[in-house]
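**Q** Assemble the whole structure, with the sequences as input and the hints as a guide.
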Amino acid sequence: MTTITPEALAAAAESGEGIAHLTPAQAWAACKLAMPPARLQRPLARHVLVLLSNIDRKARRAFQRAAASPEAMIEAAFDDRHPPYLTGPVQAELRRGMAECFPGLRPTGRDAAGNALYSLADLAEVLGTTEGEIIDHAEREGITEGITTGPVTPIH
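In this text, residue positions in the sequence shown follow our numbering: the first is 1, and each later residue adds one.
If you are wondering where the hints come from, they were derived from the structure by calculation, not from laboratory data.
Note that the Cβ used here is the ideal one computed from N, Cα and C, for glycine as well.
Careful: at least some of the hints might be erroneous.
[Claimed, not checked] Computed Cβ-Cβ distance ranges for the label pairs, DEER-style:
no. : residue 1 : residue 2 : range
1   : 126       : 72        : 19 to 29 Å
2   : 108       : 64        : 30 to 40 Å
3   : 10        : 134       : 36 to 46 Å
4   : 113       : 137       : 18 to 28 Å
5   : 33        : 140       : 36 to 46 Å
6   : 108       : 65        : 20 to 30 Å
7   : 121       : 47        : 55 to 65 Å
**A** Below is the structure:
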């Protein structure tokens with residue numbers, strides 16, 4: 001059985017996973033509340049269960065409000081204000097969709113946060129457009145911050 005420590009709880013919350021007898025939602029809520037591990041022993045007290053459930057419900061409502069459209073859901077999935085147990089499944093589905101729709105597209109590097117980066121030329125090729133059109137579209141949509149000019153760690 002896994003021992004719940006503040007460090008282990010923080011790691012579980014950050015990765016969107018459960019720990020010991022806590023679900024991912026409970027682990028995240030307990031970490032957010034900085035609950036002492038002694039309060040998280042099995043069985044959880046009724047008032048602790050209710051408190052963790054209410055924090056989860058609040059987080060789910062905020063995520064649902066933020067994800068009002070497909071575009072907003074994608075943005076919310078990468079917003080650190082939402083818990084990883086909610087954003088992780090959306091991110092996984094986006095990765096699956098990218099792999100299915102663009103099987104030949106591979107990231108060429110990673111940014112400082114570890115996010116995959118793609119060559120603009122490769123994106124233009126798979127989308128059947130030009131690099132200039134991608135940049136123009138990004139400017140029109142106000143998403144030019146997504147075009148990185150900062151430090152990149154090459155993958156290949």
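**Q** Each hint needs a verdict: does it hold in this structure or not?
**A** Verification of the hints:
1. 126 - 72: 19 to 29 Å: holds (24 Å)
2. 108 - 64: 30 to 40 Å: Given about 35 Å between the Cβ atoms, the range holds.
3. 10 - 134: 36 to 46 Å: holds (38 Å)
4. 113 - 137: 18 to 28 Å: Check passed, 24 Å falls within 18 to 28 Å.
5. 33 - 140: 36 to 46 Å: holds (42 Å)
6. 108 - 65: 20 to 30 Å: With a Cβ separation near 35 Å, residue 108 and residue 65 fall outside 20 to 30 Å, so the hint is violated.
7. 121 - 47: 55 to 65 Å: Cβ of residue 121 to Cβ of residue 47: about 58 Å, so the range 55 to 65 Å holds.
Hint 6 from the list above is the single one not met by this structure.
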